[in-house]
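Construct all of the structure, not just a fragment, from the sequences and the given hints.
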Amino acid sequence: MKRVALGAIVGSALLIGAAYATAFLPGGTPEWAPWLFVTGMSVMMVATMAMGAARNDRIGRLVIPFALVLVILLGGFWLVLALPPADPTDPSLWLGLPPRAAIVLYGIGFLPFLLVPVGYAVTFHEQTLGPGDLERIRDEALAARGTMPLSDRPGRGLVDDDGEGTGEGRR
Amino acid sequence: MTGPGVGMALILPQVEELPHVVEPTIVWVAVAYFAVVTLIGAWATRQTRTAGDFFAAGKGIGLVALTLSVMSATLSGFAFIGGPGLVYSIGLGAMFIVLPAALTNAMGAWVLAKRLRLMAEVRRTITLPDVIGARYRSPLAQGLAGVAILVAVIGYMATNILALGLVIDAVFGIGLAWGIWLGMGITMAYAVGGGIVAGIYTDVFQGSLMAVASVLVFLFTLQAGGGLGGISTTILEQDPGFLGPWGHLTPIAALSFFFVFGMGSLGQPHVVHKFFMLRDPLKLRWYPLLTTTALIVSMLLYFGVGVAVKSLELQGEMAPLANPDDATPLFLLGYTPLILAALVFSGVAAAIMSTVNSFMNIGAAAMMHDIPVSLGRRVNNELLWGRICTVIISVAAALLAQHSGMLVALLGVFGWGLFASTLVPAVAIGMNWEGATRAGAVASISTGLGITLVFETLAFFGFYSFPVGVTVSGLSLVLSILVFFGVSHLTRDTAEATLDPDIRVVMKA
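Protein chains in written order, with this note's numbering: chain A, 72 to 242; chain B, 39 to 547.
In short, the hints are calculated from the structure, not lab data.
Quick reminder that beta carbons are idealized off the backbone N, C-alpha and C, glycines included.
Incorrect hints may have been included.
Below are the DSBU-like pairs computed for lysine-lysine, each with C-alpha atoms no more than 30 Å apart in a straight line [unchecked claim]:
| id | chain 1 | residue 1 | chain 2 | residue 2 |
| --- | --- | --- | --- | --- |
| 1 | B | K546 | A | K73 |
| 2 | A | K73 | B | K321 |
| 3 | B | K546 | B | K321 |
Covered by chain B, per the in silico footprint, the following chain A stretches (three or more residues, Cβ under 8 Å) [to be verified]:
| id | region |
| --- | --- |
| 4 | 96-106 |
| 5 | 156-166 |
What follows is the structure, given as C-alpha cells:
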C-alpha cells in the first residue's frame, strides 16, 4: 500500500509541476492546465493520507472514506471546471449559492469533513493506536536501540538547571 | 488580484491602519480580556519548572487543550480581519485558503501525530528539527530546518506584532508604537514565564472566544444580507465573477492556495509541534473531529463578513471600502451590538497573541536548541536559555515591526510557504518512508529555503515575478517534494544507514 501511495505522491507532484510549468509557456496557461492541477492535487492529498494511515502496509476499512474523498475531490473539481458560469439574469441557487460555488463550498469544502475525521475516529484502535500499543512500541524501540553500537546511541534529551533530563509526564 | 499581490495580502493581515473603535464597552471588554490572559500566564509560570515543561508542556496536555490550541495557533488575526477583507476583494477564490480544513487535521493526525508523539516518548524530541536530526542522523539537516524555522518565525512574528499593535491602537487609541510594545509585552510576559504551558491554556480561552464570536457574527451577516440566498442574488446581479468558483483569481492561483494550505499544513511547526505534548496519545482518536469542527465554526466569520459586506456595498448600504481590511471593523460597528464588536476585537487580539506565542516558543527552541545542537554544542540550562531566547526574539520582532517598514513585509511573505517547502518532505514524508535519505532531506530543505528566499525577494522588490497564478510557495513546495524523492532515489544505497532501529520501530508503528 505504502509503495502505491508514495508512487501516487510522486506522480501527482509531477502533474502539479507540469501545470505550473505551462504558465511559463508563451501564450500563458492553457485551458487544460487546471485539469492537471486538480487531478494531481486531489490524488496527492488522498495518497498522503493513505501513506500515513497504512499499518502493516494495509489501510483496512479506510479504503472506503479515502475512495469517497477522492471521488468528491476529483468529481467536484472536474464538475466545477466543466460546468458553465451561472446565468446572472436567472440564477438558480443551491442552498443559497450558485451551483459551482455550492460544489466548491459544500462539496469540496464540507463533505470530506463527514468522512475523514469520522473515519479516523472509527478506525483509530485498529489502524492508528490501540490500548497498550504505546508501551509496546516504546519497549520495542528501546530494545532496538539497545542493539545499536554505544557510539551511535542517541544522547539524553533536554537539560534542565539541575543537570537532569526533562520531567515529562509529571503533570 | 492575482499572483504575488495575493500572497502579500495573505501574509500581511493588517499593515494598514484600522478604523478607530474607541468605545467604553470595547475598551472594558479588551481590558478584561488582557486581565484574564495575564492571570493564566501567572498560573502557567508556576507550573513551568523544566525545559520539558517550557517547550513541550511536560507532555501533559489534554484533548480539549490540544484541540483549541491547535485551532488558535492555526488562525491568526488574518482569519478575522485580513481574510474577510480578502473575500471582499477577490470573492470565492479567497475561500481556497480555508477549504482544505476538512482534510488537513485528519491528514496531520495520520501522517504525523502518532509518530511525533512516539518520537517524544522514545527520543525525547521537542522540536521538528529534533525529529529531522534523529530521523536522518543528521545535525546538518536539523540545523538547516532550525534556520528555516527561525527566518520564518521572525517574519511571522514581526507581521503579527505589527497587526497586534494596529488592533490595540484601534481599540485604545494609544498610537501604533505603544500598541506594538503593549501587545508584545503582554504576550512576552506569559510566554517567558509560562512557556508553551501558558500558550496552551491562554489558547484554550482565546480559542473559545474566537469560536463564539465567529458564530454570532455569522448570524448577523445573514441577517444583514437577507440570508445567504439574498446575498448571492445581490452579488450575482452586479458582479457574477465574485461568486464564480475561483472568484476573481485565475484557476491555478486559487488551486495553489488549496495545495499550499492543504499539503503545507503538514509542515507548520507551531501546529504540529503540539503533537509532542498530548498526555494520553489514545485521545488522538477525537482530535481531527474536534479540531476540524472548531476550525470550521471559527471560519464562518471569514466567509460571512466578506460576502455580506460586498452585498451591502452593492445594495448601496455601505460605501466601497478604501481598505479591504476595514470590512470586519465597519460591519461590526454598523450591524452588530457593541458588546459583540467588543468580543470580536478581543478575539482578534486573542488570535494574534496565540499565534505569536506559539512562534516565540518554537523560535526560541530553534535558536537555543536546534541550531546549537547542529553545531555540536548544547546549552546547559535549556529552561533559562529558552526564556532568554524568547525575550531576544520578541524584542527583535517588535523592533522590526516598529522600524523596518518594507523589511517587515518582505519577511512576512516567507512564512507559511517557507515552513511548507522546507519541512513537509523531510518530516511528513520522511517519517513515513524508510527509503528517504539524509541527502534527500538536506537537498529538499535547501531547495525550499533557496527558492522561497530568492524568488520572494525578487518579486517583492519588483525584479522578477512568476507568471500570473504561479505562487512561489506552491512552486517551491512541489519542487522540494520532487527533489526529496529524486535525491533519495539517487542515494538509495545510504537509506539503511541513516535510519536507526528505534526510529524504524516508530515509523512502522
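We went through each hint and held it up to the structure:
no., hint, verdict
1, B:K546 - A:K73, "11 Å, holds"
2, A:K73 - B:K321, "25 Å, holds"
3, B:K546 - B:K321, "20 Å, holds"
4, 96-106, "holds (count 4)"
5, 156-166, "holds (count 6)"
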